[in-house]
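Asker: Start from the sequences, fold in the hints, and give me the full structure.
There are 2 protein chains.
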Amino acid sequence: MSPVSEDVRDGRLLRGLRSRRTIVRHAVDTASLEGLDGLSFGRLATDLDVGKSSIQTLFATKEKLQLAVIEAAREAFEEAVVRPALAEPRGAERLRALVERWLAYAEQPLFPGGCFWAANLPEFDSRPGPVRDMLAGQQRAWRERIAAELRHSHGAGTTAGLDADLTAFQIDAVLTAANTAMRLGDDAAAAKVRRVLDSLLAPASGGG
Amino acid sequence: MSPVSEDVRDGRLLRGLRSRRTIVRHAVDTASLEGLDGLSFGRLATDLDVGKSSIQTLFATKEKLQLAVIEAAREAFEEAVVRPALAEPRGAERLRALVERWLAYAEQPLFPGGCFWAANLPEFDSRPGPVRDMLAGQQRAWRERIAAELRHSHGAGTTAGLDADLTAFQIDAVLTAANTAMRLGDDAAAAKVRRVLDSLLAPASGGG
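Chains as they are written, first to last, in my numbering: chain A, 1 to 208; chain B, 209 to 416.
Think of the hints as simulated: they come from the structure by calculation, not from any bench. Do not rely on the hints blindly, as some may be mistaken.
Think about it this way: if two alpha-carbon atoms lie no more than 25 Å apart in a straight line, the pair counts; the simulated SDA-like pairs of lysine to any residue are [claimed, not checked]:
hint	chain 1	residue 1	chain 2	residue 2
1	B	270	B	299
2	B	270	A	33
3	B	400	A	166
4	A	62	A	48
5	B	400	A	202
6	A	64	B	270
7	A	192	B	409
8	A	62	B	272
9	A	192	B	335
10	A	192	B	242
11	A	52	A	25
12	B	400	A	145
13	A	192	B	395
14	A	62	B	248
15	B	260	B	276
16	B	272	A	185
17	B	400	A	91
18	B	400	A	89
19	A	62	A	20
20	B	400	A	48
21	B	270	B	250
22	B	400	A	133
23	A	52	A	68
24	B	270	B	258
Some chain B residues close to chain A (C-beta under 10 Å, calculated; not the full set) [said to hold, decoys possible]:
hint	residue
25	316
26	318
27	344
28	346
29	386
30	387
31	388
32	397
33	398
What you are looking at is a predicted structure, and each value in this text was computed from that prediction instead of being measured. Each residue gets a CB set at the ideal place from its N, CA and C atoms; glycine is no exception.
Answerer: Written out as structure tokens, the structure is:
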């Protein structure tokens with residue numbers, strides 16, 4: 001083949017990647033508002049003014065589209081919440097940075113419906129399959145990240161006696177509840193999270 | 209009118225009430241699994257093998273059906289979780305009874321999809337309207353019930369220094385997270401809740 005035809009093919013490939021990204025990005029927003037079940041090839045085609053058959057060609061099945069959307073949400077979350085916090089020293093400081101970034105992510109928000117997992121896990125938690133597995137795996141990874149920072153701050157002696165996994169479960173639970181509260185118009189939701197975090201990071205005094 | 213025709217009318221009314229209850233009860237189960245959005249007159253008619261038009265006559269609009277379902281879920285929750293706990297003395301004991309009843313309600317479960325509010329609030333929290341208002345109001349009432357028992361136990365001197373509203377927010381958040389964890393097959397979810405409750409009810413020791 002001539003270099004020219006390769007250029008043409010590359011151009012098509014690149015446009016294909018770009019349009020795939022555009023579709024997935026729009027689908028993430030839709031899923032954050034109306035759930036992953038709200039996604040359909042037909043609706044995306046109408047929203048984005050492209051042919052339904054080209055979307056179908058790109059993703060093959062609704063489940064594959066949902067999995068692509070979940071992965072894209074994870075990447076956006078990593079970019080907005082996790083990566084900036086990695087600049088902080090490990091332990092309590094990084095944990096506080098993660099929580100502050102998370103609050104900004106839920107408040108601003110990155111996705112129009114707020115936290116992507118809070119919106120979608122309840123919809124799929126009773127429905128076994130790859131979509132549920134991927135959502136649950138990402139939630140687990142997030143909790144493990146919190147627990148790792150707690151263990152680090154524990155090692156530094158600031159949070160003696162803390163069960164890192166249980167505390168991570170609690171912090172994640174409070175973040176998720178705050179996300180719902182924000183959607184319902186509770187202006188004090190972020191302040192509640194900060195107070196809970198303070199109480200959990202305060203030096204333990206005695207039993208438990 | 210003759211007494212006979214009154215009997216006939218009463219019979220119809222009674223059958224109407226019974227079928228309304230049957231439909232709503234089935235709709236609660238559907239909504240706990242697939243969300244209030246998953247409800248439709250057509251689907252209920254197929255599931256229950258009745259005419260779509262009779263369901264439509266009973267509820268008029270999908271929104272009215274959703275509101276009837278939310279109210280029925282609240283009644284079932286009161287019956288299963290709240291009423292039995294009222295036998296316990298006010299304060300920490302009643303709070304523990306509420307939490308134990310709640311864990312049984314999420315584990316057994318009363319609704320096939322687990323906690324009705326955990327399944328439906330995330331779906332509607334970004335969508336203003338009567339459905340969201342009713343779901344949010346019921347969540348608020350549940351948290352206020354928890355806070356009231358905390359204040360009572362506070363008054364008894366067992367949980368000095370506790371902010372009842374913040375602690376109620378935390379307890380509700382952990383219950384909701386445990387509900388999701390149970391749906392995902394986490395056998396330790398109930399134990400986590402009990403440990404968090406113990407730590408929150410433990411006598412405060414100093415600052416915060």
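Asker: Hint check: residue 62 of chain A vs residue 272 of chain B, CA-CA at most 25 Å. Holds or violated?
Answerer: violated, 31 Å
Asker: Take the C-alpha atoms of residue 192 of chain A and residue 409 of chain B, compute the straight-line distance between them, and say whether it is at most 25 Å.
Answerer: Judged against 25 Å, a Cα distance of about 18 Å means the pair holds.
Asker: Going straight from one Cα to the other, do residue 400 of chain B and residue 202 of chain A come out at no more than 25 Å?
Answerer: Holds: residue 400 of chain B and residue 202 of chain A sit about 20 Å apart, inside 25 Å.
Asker: Quick one, are residue 270 of chain B and residue 258 of chain B close enough, alpha carbons at most 25 Å?
Answerer: Given that 25 Å is the threshold and the Cα spacing comes to 17 Å, the pair holds.
Asker: Mind checking the CB of residue 318 of chain B against every CB in chain A and telling me if the closest is under 10 Å?
Answerer: Check failed: Cβ of residue 318 of chain B comes no nearer than 14 Å to chain A, outside 10 Å.
Asker: Taking 25 Å as the top limit, are the C-alpha atoms of residue 52 of chain A and residue 25 of chain A close enough?
Answerer: Satisfied, since the Cα-Cα distance of roughly 17 Å is no more than 25 Å.
Asker: Hinted pair, alpha-carbon criterion (25 Å max): residue 400 of chain B, residue 89 of chain A. Please report holds or violated.
Answerer: violated, 29 Å
Asker: Against the 25 Å threshold, does the CA-CA distance of residue 192 of chain A and residue 242 of chain B hold or violate the hint?
Answerer: violated, 30 Å
Asker: Verify the proposed pairing of residue 272 of chain B with residue 185 of chain A, using a straight-line Cα cut of 25 Å.
Answerer: holds, 24 Å
Asker: Restraint: residue 344 of chain B near chain A, CB-CB cut 10 Å. Satisfied or not?
Answerer: Nearest chain A Cβ about 5 Å off; hint holds.
Asker: Can you confirm whether the C-alpha distance between residue 52 of chain A and residue 68 of chain A stays at or below 25 Å?
Answerer: Judged against 25 Å, a Cα distance of about 17 Å means the pair holds.
Asker: Starting from residue 400 of chain B, check that the Cα of residue 48 of chain A is at most 25 Å away, please.
Answerer: violated, 45 Å
Going down the numbered hints, you'll see the structure goes against 1, 6, 8, 10, 13, 18, 20, 25, 26, 28 and 33, while the others check out.
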